[in-house]
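A.B. asks: The task is simple: from the sequences and hints, build the whole structure.
Top line first, the protein sequences correspond to chains A and B.
Every letter in the first sequence is one number past the one before it in our numbering, and letter 87, counting from 1, is 87.
Every letter in the second sequence is one number past the one before it in our numbering, and letter 34, counting from 1, is 34.
By construction, these hints were calculated from the structure, which means they are not laboratory data.
Heads up, some of the hints might be wrong.
Said to hold, decoys possible - For lysine to any residue, the following SDA-like pairs were computed, each having C-alpha atoms within a straight-line distance of at most 25 Å: (1) A:49 <-> B:134; (2) A:214 <-> A:106; (3) B:69 <-> A:57; (4) B:78 <-> B:94; (5) B:69 <-> A:54; (6) B:69 <-> A:214; (7) A:57 <-> B:191; (8) A:49 <-> B:69; (9) B:132 <-> B:193; (10) B:132 <-> B:189; (11) A:57 <-> B:201; (12) A:49 <-> B:136; (13) B:132 <-> B:196; (14) A:49 <-> B:193; (15) A:49 <-> B:94; (16) B:132 <-> B:50; (17) A:57 <-> B:146; (18) A:49 <-> B:160; (19) A:49 <-> B:172; (20) B:78 <-> A:73; (21) B:80 <-> A:214; (22) A:49 <-> B:201.
Listed below, chain by chain, are the residues.
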Amino acid sequence: MECGAARKLLYSSQVLHGEKLAPAATETKEVRLHLERCAACWQFFAAEKELSDALRKRLPREGASSNLREQVLSRIAEERGNSKRPSRWRFVRRQAVILGLLVFLLVGLLSAALWLRSRHIEKSEQLASILVDDHARYQSTTTEVTSSEPEVINSWFRDRVRFSVQPPRLPDSSLVGGRLCNLQGRPAALISYRKPQSAISLFILDGRDIELPKEHLIALDERPCFVTAERGYNVVMWKQRGLLYVLVSDIRSADLLQLSTRF
Amino acid sequence: MGLRLRVIDGGQATRGKRTDQLSHALPPFEEILLAHLDSLFAFANRLASGHHEEAEELVQDTCLRAFRKYETLRNAEKFKAWLFQILMNTYINERHRHSRQPPIVDVELSEALLRSAGGQTSETPEEELFAKVLDGEVRQALDALPVEFRTVIWLSDVEEMSYREICEIVGCPPGTVASRIYRGHSMLREQLREYARRRGLMSD
Numbered sequence: 001m002e003c004g005a006a007r008k009l010l011y012s013s014q015v016l017h018g019e020k021l022a023p024a025a026t027e028t029k030e031v032r033l034h035l036e037r038c039a040a041c042w043q044f045f046a047a048e049k050e051l052s053d054a055l056r057k058r059l060p061r062e063g064a065s066s067n068l069r070e071q072v073l074s075r076i077a078e079e080r081g082n083s084k085r086p087s088r089w090r091f092v093r094r095q096a097v098i099l100g101l102l103v104f105l106l107v108g109l110l111s112a113a114l115w116l117r118s119r120h121i122e123k124s125e126q127l128a129s130i131l132v133d134d135h136a137r138y139q140s141t142t143t144e145v146t147s148s149e150p151e152v153i154n155s156w157f158r159d160r161v162r163f164s165v166q167p168p169r170l171p172d173s174s175l176v177g178g179r180l181c182n183l184q185g186r187p188a189a190l191i192s193y194r195k196p197q198s199a200i201s202l203f204i205l206d207g208r209d210i211e212l213p214k215e216h217l218i219a220l221d222e223r224p225c226f227v228t229a230e231r232g233y234n235v236v237m238w239k240q241r242g243l244l245y246v247l248v249s250d251i252r253s254a255d256l257l258q259l260s261t262r263f
Numbered sequence: 001m002g003l004r005l006r007v008i009d010g011g012q013a014t015r016g017k018r019t020d021q022l023s024h025a026l027p028p029f030e031e032i033l034l035a036h037l038d039s040l041f042a043f044a045n046r047l048a049s050g051h052h053e054e055a056e057e058l059v060q061d062t063c064l065r066a067f068r069k070y071e072t073l074r075n076a077e078k079f080k081a082w083l084f085q086i087l088m089n090t091y092i093n094e095r096h097r098h099s100r101q102p103p104i105v106d107v108e109l110s111e112a113l114l115r116s117a118g119g120q121t122s123e124t125p126e127e128e129l130f131a132k133v134l135d136g137e138v139r140q141a142l143d144a145l146p147v148e149f150r151t152v153i154w155l156s157d158v159e160e161m162s163y164r165e166i167c168e169i170v171g172c173p174p175g176t177v178a179s180r181i182y183r184g185h186s187m188l189r190e191q192l193r194e195y196a197r198r199r200g201l202m203s204d
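C.D. replies: In structure tokens, the structure reads:
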């Protein structure tokens, strides 16, 4: 092995500096043999090694000042705080999202409640409209049972509806009779009364799933009555013992309300 | 002659790999950083040619960058080389790019170059040479070297890092690192002789 090759091999493999990169075994053997025979190469590596050692001893390794240590730690602490800030921000953002969802849910619920309420109004008003139609069309002239006796009418309805129909006697009005109505698939009992100038229809039906609207309610003897008007007819509607009672007539609302107290 | 040659078989490398795979847990960043802060500053100080303020700024930037990237470090045993690499990159990115010095031309360590180094045997031995110069002159001679040579000499001779670690830090292949060390040593010798001659301790 020539001097150049031996020096390059040992220098490159950092044997000089105690490096672990080892040349291949055969080359190692050749380098060893070369160094044993070549004083120049031995001296070359000795000089390199001495220079390296001398530099290590003579070059000052100034340490970091306490001020620098404090500054570094302070900046890292600050950075650590900043790195936590996004997670805090994420927390706030998450809270905002939850709050937003809650608001959305609340608005949704309110809207649903309002819609349901409007549906109730609509349902009640729709029902009132249907009953007004029926009243206007027949004006108490069409009955299936004609009698001025409440018991007769009660008896006639007994097998036809699931609830008891007990028509009261109304002042200044005569009981005409009754018939069975079908209000959109819902059976209802119609009792007809007649005043000298007006007809009064009393509808009785199962009202368990019908809620009276909160608006347009008049409390009469602590009983809420829904009062409305359509096409010149007044309507008074109330619930009693699970039944819905509806009075329809062209007489005044106040008189209809007064009549409702008879039930 | 005090030269000790250590030629170690490949088993070391294998054991090293196994250790790498086993060590995953990282100590708290501040703890491991403080253990290497002196070395980091000393290296930064040499990169900055002894300008303390510049070195301190470099160290602070390096520490912050290292803190942000700490979770990417796989092996705590490689922390020092990893930290020095960040320092080197920070130095290159933030300061060295503004330098007007042209980059050095690297030459591979050639057999011809090394063969020609035989003349050193007739010159002043290293121990005698270093006895004739002051510590400040040794530092001055190192700082006068182009930063590429200064870096590898510091990492190799003072920090006693392996070529592999130095390669990772400076981003050069081992042959280039070896070449820079050799050429850097030659330049240092020449500079130190010059100092000795100026003080009349060595003849031309």
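A.B. asks: Under the criterion that the straight-line Cα-Cα distance not exceed 25 Å, is the pair residue 132 (chain B), residue 193 (chain B) satisfied?
C.D. replies: Given pair residue 132 (chain B), residue 193 (chain B) holds - Cα atoms ~9 Å apart, limit 25 Å.
A.B. asks: Holds or violated: residue 49 (chain A) with residue 134 (chain B), Cα cutoff 25 Å?
C.D. replies: 20 Å, holds
A.B. asks: Under the criterion that the straight-line Cα-Cα distance not exceed 25 Å, is the pair residue 132 (chain B), residue 50 (chain B) satisfied?
C.D. replies: Answer holds: residue 132 (chain B) to residue 50 (chain B) is near 22 Å, not above 25 Å.
A.B. asks: For the pair supplied as a hint, residue 69 (chain B) and residue 214 (chain A), is the alpha-carbon distance within the 25 Å limit?
C.D. replies: Violated, because 65 Å separates the two Cα atoms, which is more than 25 Å.
A.B. asks: Run the distance test for residue 49 (chain A) versus residue 172 (chain B): straight-line Cα separation, threshold 25 Å.
C.D. replies: Roughly 23 Å separates the two Cα atoms, so the pair holds.
A.B. asks: Quickly compare the C-alpha distance for residue 49 (chain A) and residue 201 (chain B) to 25 Å and report which way the hint goes.
C.D. replies: 23 Å, holds
A.B. asks: Does residue 193 (chain B) lie within 25 Å of residue 49 (chain A) when you go C-alpha to C-alpha?
C.D. replies: 18 Å, holds
A.B. asks: Would the pair residue 80 (chain B) and residue 214 (chain A) pass a check requiring their Cα atoms to be no farther apart than 25 Å?
C.D. replies: 78 Å, violated
A.B. asks: Going straight from one Cα to the other, do residue 49 (chain A) and residue 160 (chain B) come out at no more than 25 Å?
C.D. replies: 12 Å, holds
A.B. asks: Sort out whether residue 189 (chain B) lies within 25 Å of residue 132 (chain B), counting only the CA atoms.
C.D. replies: 12 Å, holds
A.B. asks: Does residue 78 (chain B) pair with residue 73 (chain A) here, judged by a C-alpha cut-off of 25 Å?
C.D. replies: 21 Å, holds
A.B. asks: Would you check the hint for residue 57 (chain A) and residue 191 (chain B), treating anything up to 25 Å between C-alpha atoms as holding?
C.D. replies: 18 Å, holds
Hint compliance for this structure: hints 3, 5, 6, 8, 15 and 21 are broken, all remaining hints hold.
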